[in-house]
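A.B. asks: Sequence:
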Amino acid sequence: MSSTVYVEAQMLIRKPVEDVFEAFINPEVTTNFWFTKSTGKLEEGKTVTWEWEMYNVQSEVKTLQIIPNQLIKTIWGEPSTNVDYEFKTMENGTLVVIKSYGFSQTGEELLRQVNDSTGGFTTVLDGCKAYLEHGINLRLIEDKFPSK
185 MSSTVYVEAQ MLIRKPVEDV FEAFINPEVT TNFWFTKSTG KLEEGKTVTW
235 EWEMYNVQSE VKTLQIIPNQ LIKTIWGEPS TNVDYEFKTM ENGTLVVIKS
285 YGFSQTGEEL LRQVNDSTGG FTTVLDGCKA YLEHGINLRL IEDKFPSK
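Every number in our numbering is 184 more than the matching position in the sequence shown, counting from 1.
Each hint should be verified, as a subset may be incorrect.
With a Cα cut of at most 27 Å, we get these calculated DSS-like pairs of lysine-lysine [stated by the list, open to error]:
| # | residue 1 | residue 2 |
| --- | --- | --- |
| 1 | 225 | 246 |
| 2 | 272 | 257 |
| 3 | 283 | 221 |
| 4 | 246 | 257 |
| 5 | 328 | 221 |
| 6 | 246 | 283 |
| 7 | 328 | 257 |
| 8 | 199 | 221 |
| 9 | 225 | 199 |
| 10 | 199 | 283 |
Label-pair restraints from in silico Cβ distances [to be verified]:
| # | residue 1 | residue 2 | range |
| --- | --- | --- | --- |
| 11 | 330 | 229 | 18 to 24 Å |
| 12 | 275 | 190 | 38 to 44 Å |
| 13 | 318 | 285 | 20 to 26 Å |
| 14 | 203 | 290 | 36 to 42 Å |
| 15 | 275 | 318 | 31 to 37 Å |
| 16 | 188 | 235 | 28 to 34 Å |
| 17 | 233 | 292 | 15 to 21 Å |
| 18 | 190 | 310 | 26 to 32 Å |
| 19 | 248 | 292 | 15 to 21 Å |
| 20 | 326 | 210 | 31 to 37 Å |
| 21 | 241 | 293 | 15 to 21 Å |
| 22 | 255 | 223 | 35 to 41 Å |
| 23 | 323 | 188 | 20 to 26 Å |
The set of hints was computed from the structure by calculation and includes no laboratory data.
We treat Cβ as the ideally placed atom computed from N, Cα and C, and that holds for glycine.
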């Protein structure tokens with residue numbers, strides 16, 4: 185059952201596809217709306233480490249395929265899942281579609297993972313839109329789970 189389950193989140197970002205694509209492969213841009221540190225730019229066949237310092241969490245991200253301005257295929261997380269980023273040029277900007285699949289969980293655990301992934305990737309896209317369109321870091325990831 186879990187092999188057919190996938191998460192999809194999407195957002196129109198009113199910027200050229202080159203700018204939006206760069207935002208996802210270049211940590212100098214990505215750190216303004218997602219993770220706080222990275223060991224490098226996403227490159228096909230390489231593994232980088234993304235870090236969320238405020239949560240003391242990090243993840244190894246392996247890039248499986250890059251088609252410039254169209255697709256980034258990765259595998260990451262614990263347990264690992266496939267995460268694809270698709271970029272489609274639209275009349276008024278770029279549609280970004282994030283798809284996550286290959287979940288190993290089942291039952292309630294799978295439902296929790298699907299919910300967390302859907303919410304997480306939606307938050308990433310919201311933050312990316314605010315940053316690229318308006319130059320604002322909304323601190324969405326940092327404020328999603330504030331310390332008590």
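A.B. asks: Give a verdict on every hint.
C.D. replies: Hint check results:
1. 225 with 246: 11 Å, holds
2. 272 with 257: Satisfied, since the Cα-Cα distance of roughly 15 Å is no more than 27 Å.
3. 283 with 221: Holds - the C-alpha atoms of residue 221 and residue 283 are around 23 Å apart, at most 27 Å.
4. 246 with 257: The hint holds at about 9 Å.
5. 328 with 221: 18 Å, holds
6. 246 with 283: 16 Å, holds
7. 328 with 257: 26 Å, holds
8. 199 with 221: Between residue 199 and residue 221 the Cα gap is close to 24 Å, so the pair holds against 27 Å.
9. 225 with 199: 21 Å, holds
10. 199 with 283: 21 Å, holds
11. 330 with 229: 18 to 24 Å: Violated, since residue 330 and residue 229 (Cβ atoms, about 37 Å apart) do not stay within the stated range.
12. 275 with 190: 38 to 44 Å: The hint (38 to 44 Å, Cβ to Cβ) is violated, given that residue 275 and residue 190 are roughly 27 Å apart.
13. 318 with 285: 20 to 26 Å: 31 Å, violated
14. 203 with 290: 36 to 42 Å: 40 Å, holds
15. 275 with 318: 31 to 37 Å: 20 Å, violated
16. 188 with 235: 28 to 34 Å: 32 Å, holds
17. 233 with 292: 15 to 21 Å: 30 Å, violated
18. 190 with 310: 26 to 32 Å: The hinted range 26 to 32 Å is violated for residue 190 and residue 310, with Cβ atoms some 20 Å apart.
19. 248 with 292: 15 to 21 Å: 29 Å, violated
20. 326 with 210: 31 to 37 Å: 20 Å, violated
21. 241 with 293: 15 to 21 Å: 19 Å, holds
22. 255 with 223: 35 to 41 Å: 22 Å, violated
23. 323 with 188: 20 to 26 Å: 35 Å, violated
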